[in-house]
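S.K.: Residues per chain, in single letters:
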Amino acid sequence: DAKTTQPPSMDCAEGRAANLPCNHSTISGNEYVYWYRQIHSQGPQYIIHGLKNNETNEMASLIITEDRKSSTLILPHATLRDTAVYYCIVRVASPPGANSKLTFGKGITLSVRP
Amino acid sequence: NAGVTQTPKFQVLKTGQSMTLQCAQDMNHNSMYWYRQDPGMGLRLIYYSASEGTTDKGEVPNGYNVSRLNKREFSLRLESAAPSQTSVYFCAGARTGGYEQYFGPGTRLTVT
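Heads up: the sequence lines are chains A and B, in that order.
Residue numbers are given in the numbering used here: position 99 of the first sequence equals residue 112, and the series is strictly consecutive.
Residue numbers are given in the numbering used here: position 42 of the second sequence equals residue 1081, and the series is strictly consecutive.
Check each hint, because a few of them may be wrong.
[As the list claims (entries may be wrong)] PhoX-like cross-link-like pairs, simulated, lysine-lysine; straight-line CA separation at most 25 angstroms:
(1) A/Lys82 with A/Lys65
(2) B/Lys1053 with A/Lys119
(3) A/Lys82 with A/Lys119
(4) B/Lys1096 with B/Lys1110
(5) B/Lys1096 with B/Lys1048
(6) A/Lys119 with B/Lys1096
(7) B/Lys1096 with A/Lys16
(8) B/Lys1110 with B/Lys1048
(9) A/Lys82 with A/Lys16
What the hints contain is simulated information worked out from the structure, not anything from laboratory work.
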């Protein structure tokens, strides 16, 4: 699975968009980009994933560059409850029957300030 | 629908003691996982079970054993606890080949 690089931390103001970058320059054509987050003292929570196209769900948007070497997770209106560690993970799609283990790095700590 | 549950929530052991961490899911997941998380570090995979009846080692399996009791339950056993196993342990489940893993609330283990 490709390695990802994230800055260690960033902050944003409550109500503003939070744009979290991730670099995955060695990504292969069959590897997906996943984002998870971990709020303090809780288990990680799945946010979104994508392959090539931009994706949006009720939690966030995922923008993947055309060359797929980097991506950005966007929280459109950050709240204090979005303060967490955000993990960008790249892994190959699993064929049916295979495992789906994830490798977590250190992530980026997002602090949302009032 | 409880999702992924873990027991106990907290545990203190003395060096050399044994214990089993329990995990159960009611989401019909085929795959289940045990991770540990140490302060300031990301999650590291201990063991996983791709389907009922199979288990495989992850990154840090030494000192642990697992049992996939049935589709719902996946337990982690420490036979002889060591201070280096002080950590927060998370269990997770996923559909086979699924991209979304659902995590339990964690077990906070201290070994003195």
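S.K.: With reference to the structure, classify each hint as holding or not holding.
M.R.: Hint by hint, here is what the structure shows:
With a C-alpha separation of about 11 angstroms, the suggested pairing of A/Lys82 with A/Lys65 holds against the 25 angstroms cut-off. Taken as a hint, the B/Lys1053 and A/Lys119 pair is broken in the structure, with Cα atoms around 29 angstroms apart against an allowance of 25 angstroms. Annotation: proposed proximity of A/Lys82 to A/Lys119 holds, straight-line Cα distance about 19 angstroms (limit 25 angstroms). Restraint check: the Cα-Cα separation between B/Lys1096 and B/Lys1110 comes to about 18 angstroms, which is no more than 25 angstroms; the hinted pair holds.
For the given pair, B/Lys1096 sits about 24 angstroms from B/Lys1048 by alpha-carbon distance, which is consistent with the 25 angstroms threshold. Our distance criterion of 25 angstroms between C-alpha atoms is met by A/Lys119 and B/Lys1096, whose separation comes to about 21 angstroms. Restraint check for B/Lys1096 and A/Lys16: the C-alpha separation of about 21 angstroms stays at or below 25 angstroms, so the hint holds. This hinted pair checks out: B/Lys1110 and B/Lys1048 have alpha carbons roughly 22 angstroms apart, not beyond 25 angstroms.
For the suggested pair A/Lys82 and A/Lys16, the alpha carbons sit about 11 angstroms apart, so the restraint of at most 25 angstroms is met.
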